[in-house]
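Engineer: Modelling step: build the complete structure from the supplied sequences, incorporating the hints.
2 protein chains.
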Amino acid sequence: MRALPEGRVLTDPDVVDSYARDRTFVEPGKPLGVVLAASRDDVVATLRWASEHRVPVVPRGAGTGLAGASTAGDGSVVLSLHRMTAIKELSPADEIAVVEPGVITADLDRAAREHGLMYAPDPSSYEISTIGGNLATNAGGLRCVKYGVTRDSALGLEVVLADGRILQTGRRTMKGVTGYDLTGLFVGSEGTLGVITSATVRLRRAPAVPPATFAAEFGSLRDAGAAVAAIMAAGCQPSLMELLDRATLEAIDDWRNIGLEPGTNAMLIGQSDAADGQVVAERMERLCVDNGASFVAVSSSPQETEELIGVRRMAYDAKERLGACLVEDVCVPRSVLPDMITAIEAAAARHDVKICTVAHAGDGNLHPVFIFERGLPEPPANVWAAADDVFTHALELGGTLTGEHGVGVLKRRWLALESGPVAQEVQQGIKAVFDPLGILNPGKAI
Amino acid sequence: MRALPEGRVLTDPDVVDSYARDRTFVEPGKPLGVVLAASRDDVVATLRWASEHRVPVVPRGAGTGLAGASTAGDGSVVLSLHRMTAIKELSPADEIAVVEPGVITADLDRAAREHGLMYAPDPSSYEISTIGGNLATNAGGLRCVKYGVTRDSALGLEVVLADGRILQTGRRTMKGVTGYDLTGLFVGSEGTLGVITSATVRLRRAPAVPPATFAAEFGSLRDAGAAVAAIMAAGCQPSLMELLDRATLEAIDDWRNIGLEPGTNAMLIGQSDAADGQVVAERMERLCVDNGASFVAVSSSPQETEELIGVRRMAYDAKERLGACLVEDVCVPRSVLPDMITAIEAAAARHDVKICTVAHAGDGNLHPVFIFERGLPEPPANVWAAADDVFTHALELGGTLTGEHGVGVLKRRWLALESGPVAQEVQQGIKAVFDPLGILNPGKAI
Numbered sequence: 001m002r003a004l005p006e007g008r009v010l011t012d013p014d015v016v017d018s019y020a021r022d023r024t025f026v027e028p029g030k031p032l033g034v035v036l037a038a039s040r041d042d043v044v045a046t047l048r049w050a051s052e053h054r055v056p057v058v059p060r061g062a063g064t065g066l067a068g069a070s071t072a073g074d075g076s077v078v079l080s081l082h083r084m085t086a087i088k089e090l091s092p093a094d095e096i097a098v099v100e101p102g103v104i105t106a107d108l109d110r111a112a113r114e115h116g117l118m119y120a121p122d123p124s125s126y127e128i129s130t131i132g133g134n135l136a137t138n139a140g141g142l143r144c145v146k147y148g149v150t151r152d153s154a155l156g157l158e159v160v161l162a163d164g165r166i167l168q169t170g171r172r173t174m175k176g177v178t179g180y181d182l183t184g185l186f187v188g189s190e191g192t193l194g195v196i197t198s199a200t201v202r203l204r205r206a207p208a209v210p211p212a213t214f215a216a217e218f219g220s221l222r223d224a225g226a227a228v229a230a231i232m233a234a235g236c237q238p239s240l241m242e243l244l245d246r247a248t249l250e251a252i253d254d255w256r257n258i259g260l261e262p263g264t265n266a267m268l269i270g271q272s273d274a275a276d277g278q279v280v281a282e283r284m285e286r287l288c289v290d291n292g293a294s295f296v297a298v299s300s301s302p303q304e305t306e307e308l309i310g311v312r313r314m315a316y317d318a319k320e321r322l323g324a325c326l327v328e329d330v331c332v333p334r335s336v337l338p339d340m341i342t343a344i345e346a347a348a349a350r351h352d353v354k355i356c357t358v359a360h361a362g363d364g365n366l367h368p369v370f371i372f373e374r375g376l377p378e379p380p381a382n383v384w385a386a387a388d389d390v391f392t393h394a395l396e397l398g399g400t401l402t403g404e405h406g407v408g409v410l411k412r413r414w415l416a417l418e419s420g421p422v423a424q425e426v427q428q429g430i431k432a433v434f435d436p437l438g439i440l441n442p443g444k445a446i
Numbered sequence: 447m448r449a450l451p452e453g454r455v456l457t458d459p460d461v462v463d464s465y466a467r468d469r470t471f472v473e474p475g476k477p478l479g480v481v482l483a484a485s486r487d488d489v490v491a492t493l494r495w496a497s498e499h500r501v502p503v504v505p506r507g508a509g510t511g512l513a514g515a516s517t518a519g520d521g522s523v524v525l526s527l528h529r530m531t532a533i534k535e536l537s538p539a540d541e542i543a544v545v546e547p548g549v550i551t552a553d554l555d556r557a558a559r560e561h562g563l564m565y566a567p568d569p570s571s572y573e574i575s576t577i578g579g580n581l582a583t584n585a586g587g588l589r590c591v592k593y594g595v596t597r598d599s600a601l602g603l604e605v606v607l608a609d610g611r612i613l614q615t616g617r618r619t620m621k622g623v624t625g626y627d628l629t630g631l632f633v634g635s636e637g638t639l640g641v642i643t644s645a646t647v648r649l650r651r652a653p654a655v656p657p658a659t660f661a662a663e664f665g666s667l668r669d670a671g672a673a674v675a676a677i678m679a680a681g682c683q684p685s686l687m688e689l690l691d692r693a694t695l696e697a698i699d700d701w702r703n704i705g706l707e708p709g710t711n712a713m714l715i716g717q718s719d720a721a722d723g724q725v726v727a728e729r730m731e732r733l734c735v736d737n738g739a740s741f742v743a744v745s746s747s748p749q750e751t752e753e754l755i756g757v758r759r760m761a762y763d764a765k766e767r768l769g770a771c772l773v774e775d776v777c778v779p780r781s782v783l784p785d786m787i788t789a790i791e792a793a794a795a796r797h798d799v800k801i802c803t804v805a806h807a808g809d810g811n812l813h814p815v816f817i818f819e820r821g822l823p824e825p826p827a828n829v830w831a832a833a834d835d836v837f838t839h840a841l842e843l844g845g846t847l848t849g850e851h852g853v854g855v856l857k858r859r860w861l862a863l864e865s866g867p868v869a870q871e872v873q874q875g876i877k878a879v880f881d882p883l884g885i886l887n888p889g890k891a892i
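Chains as they are written, first to last, in this note's numbering: chain X, 1 to 446; chain C, 447 to 892.
Keep in mind the hints are simulated off the structure, nothing from the lab.
Do not rely on the hints blindly, as some may be mistaken.
[Stated by the list, open to error] Below, a list of computed lysine-lysine pairs in the BS3-like style, where the Cα atoms sit at most 27 Å apart: (1) C/K877 / C/K476; (2) X/K431 / C/K877; (3) X/K431 / X/K30; (4) X/K146 / C/K592.
Bear in mind that the values here come from a model prediction, so they are computed numbers and not experimental data.
Structural biologist: Here it is in C-alpha cells:
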C-alpha cells in the first residue's frame, strides 16, 4: 500500500469498524484497514496491492445499503469511494453528467436542476447515498415508476478491475450497441466484478411545473390495490405511487399524530409531474373514490404536496422507533400486489411477528419491515421464518426476492429458489472472468 | 440431428443459400443445412448435436439484419427461429407479454393494441423483423427517442446455451436485482452467447389519442440541427424526430415527386403522442420557425400524419433505387449532430461517394447510406474509405460505431477503435463462459 499517498489508510480499530458496517444489523468481521480513495490511481494502487497479497477488498459508498453488501469481513480491506465527489461534467445539451462514485445522489439531482434537468433515480436514501453505491445495487426509488431504475440512467462506466486494469464500458450517447452490455452487467453487481471510478449518467428534463399530489385512505388493502390497478390501466403515468399499510400508519400516528381514523387500513399517495398534473391527479383521485376510498386530498401547492408526501417519508423512521428492523424488498407483478399483501399479513400472524409494509405500488415493489427486539445479534427464528414465507410466496406469485436493495449477504440463502443452477453457474463463470482470484467483495450478490 | 422431427432440416443448396444471407451485401459461405426450429426442444437438439460435432451454429430471425450478423459461413448450420411465432401470454394487468422469438415485432404491437397497450420498439423493419432478431441486435427504431430501445423492454429471457442447457434470466416484474443482469447481457449479443427461445417483454399504455405530427423544411442542416436541440431543450418529449438530408429528399422526389424546393436542404419530421400532442406539435413547429424553417406543416389527422411520416418511410426504398447500399449507423451526443452531418458531407466529397443520410435526430443516431454500383461483390475502396472517415469522426465526437444495427461482421474491423483491449478481452472471457467451444455465431459481434 506504499503507493498510496499519506493519510489514505485508516487502521484505528473503532474507525475501521464504523466503515465495516452498512445500514443492516449484519455484524462485520475485523478488516485490516480502510482506504479512503481520492482518485482512480488510489483505487488502482489498492487493487494491485490486494491482488498481490490476495486480500479481499470491500468497496463502499456511503454505507446505506440494506442487504449487507458492504459489510466487511475479517482480514479484508474496505475501499471507500465517498471522497471521490467530483461532478466532472454536466452537459445540458447532451443531457448527461460524468461523475465520480462518491457524489451524493441528491447533489447530482440539484446540480442538474440548475439547468432545468434532473437525475431521476431517487432511492429513499438519496440525500445520503452515493451514485457509486446506487450503481452497485441498481437502486430504485419513488420516481422509478415513471423514470426507471438506476440502470436506466447509466450510459457508461470507468471500472478498475481486480488486477488494477482499467475498463471503459458503454458510451456518452443515448443509444449504442457496440459489443456486450458491460455497463448493465456492472450495475447491480455489488462490487463483485470491479470498482466503479467514474460514471456517465443520463439526465432528464425536469418537469416545468410543481407536481400534483393526492393521498387517499382506504378501508382495506385490497381496495387500495384495486385503485392502483385502475390508475395504471387508465394510463395516468404517476411519477410516484406509494402504498402504506395499517401497521405503518399506526407507527407514524403514534409518533407524529396524523389523525389516523380507526377504519383506515391503507393509504395511497400518488403524484403526477405531467404538464397537466392537476388534471391527472384529479383523475387518480376519482379512481380512488370509485374503488372505495373514504377520504381523498389533492393538491398542487408545493407546501401541501410536501405534507402529503411527508407521511410517506416518515415511514422508515417511525418503524425504527418500534425496534430493530429487517427491511425486505420483494417485487411482484402488479396484478398480484393485493395477494402479496395478504400473504405478508398471513406470515405476520402465523409467526407472531410485527410487519409494517410500504410499497412502491406502481412497480409492485413491497418493503415489508419485520420488527424485532433491539440488541439481538440477528433477527430471531420467527422473523426469519416469516421472511421465508414472504420470499417463497413472492416467488410463487411470479415475483423476485429483491426489487431494488440487492442480494448482499442477507438474501443469499434464498438465491437458489429464484436463480436456477444454470444461472448461478454462469454468474460464477462471469465473476471468474473479472476477478479470477476472488478478492472483490467475496460472499456477496451471487 | 436425428433427434429432430421430420421436415425440420433443409439441405437444398438454393434454399440453404437464401437462409444464409441477411439484408447486407455480405456474401455467405456454404452452410451444411438449415434447421427450422418449431420448439425449444428443436433448439436444444440442434445445439447438442452441434456441440458434439463442433459445428458452428448461426441463429437467425427474419434475416433483416443490416450488419451481417446472421450471414452463415462454410460448414455451419443455420438455426432459424422464424417458425416459433407464439404469443404465449399477454397480460394487460401486468403490462407484459411472453413471446417466442419468431413473433413479428409489429404483430406483437398489434396484439398489445387490442388491450390499449403497445410494444414500443419499432425498428424500420418492424413489419418483417422478429422479436428474437430485435433482441439479438438490441434494435432501436423511431419511437425509441421517447420509449427506449429493445433492451428497455426486455424483462426476462429463456435461452438455450451452446451445450443445450436451458438458462432462465430476469423476471416478470418491473424491477428486480437478483444476481447479475444476464438479460441485458444477451440483448445485443447477436447470437454469440446463446439462442433465445422465449422472451418476457414489457408493454406500455398506448397513447389515447392519435399523435400530432409536424414536418419542417430548412435551408441548411445546421438550422435543422439547431431546431432539434431547441425542441429537446424545451422538454417537448417528441415520440419521433427524424431528419432527412438533401440527398435523401432528392432520391425520394425523383421517385415519388414530393415537390422538393431548390432551397430545401433538410427536412425534420416530428411527432408527439402526448395527451396534449397538438399543443406540443405546435410548440415544436414554432421552434422550427424560430430556427429558420421555411415551410412547416402540422396535423393531428391520422391521414395527414400518414402522409407526413410517409416521406420518411420512403427513404430506404428510394435509396435502393439508386444502387447498392451500405447502410451505416453511427450515433453521437445530440449536441454534435450538426458537426457529424458536416463530417459526413465532407467524407462524401473527399472520396467522391454518394451518401444519403437520415437520422433519428432526437437520439443523435445517423444512418448515412453509401450508394455504390450494383453487382459488385462488396463496396469499392472509396466507399470503405468514406465509411472509415465517418466512423473515425463519430468516435472523435464522443460517439459510437453503431447506435442500433449492431456490429455483425461489417463493423468488426473498426471495433478496436471504440472498445479498448481490456473491454475486448473481458468480452472474449464472457463469450468463453457461455460458449467454450466457440460454436455460436463465430466471428460476429465482438
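Engineer: Would you mind marking each hint as holding or not holding in the structure?
Structural biologist: Now the hints, each set against the structure:
With a CA separation close to 25 Å, the supplied pair C/K877 and C/K476 stays within the 27 Å bound. A threshold of 27 Å between alpha carbons decides the hint, and for X/K431 with C/K877 the separation of about 13 Å falls inside it, so the pair holds. Restraint check for X/K431 and X/K30: satisfied, since their Cα atoms lie roughly 25 Å apart, inside the 27 Å limit. For the given pair, X/K146 sits about 12 Å from C/K592 by alpha-carbon distance, which is consistent with the 27 Å threshold.
Hint violations for this structure: none, all hints satisfied.
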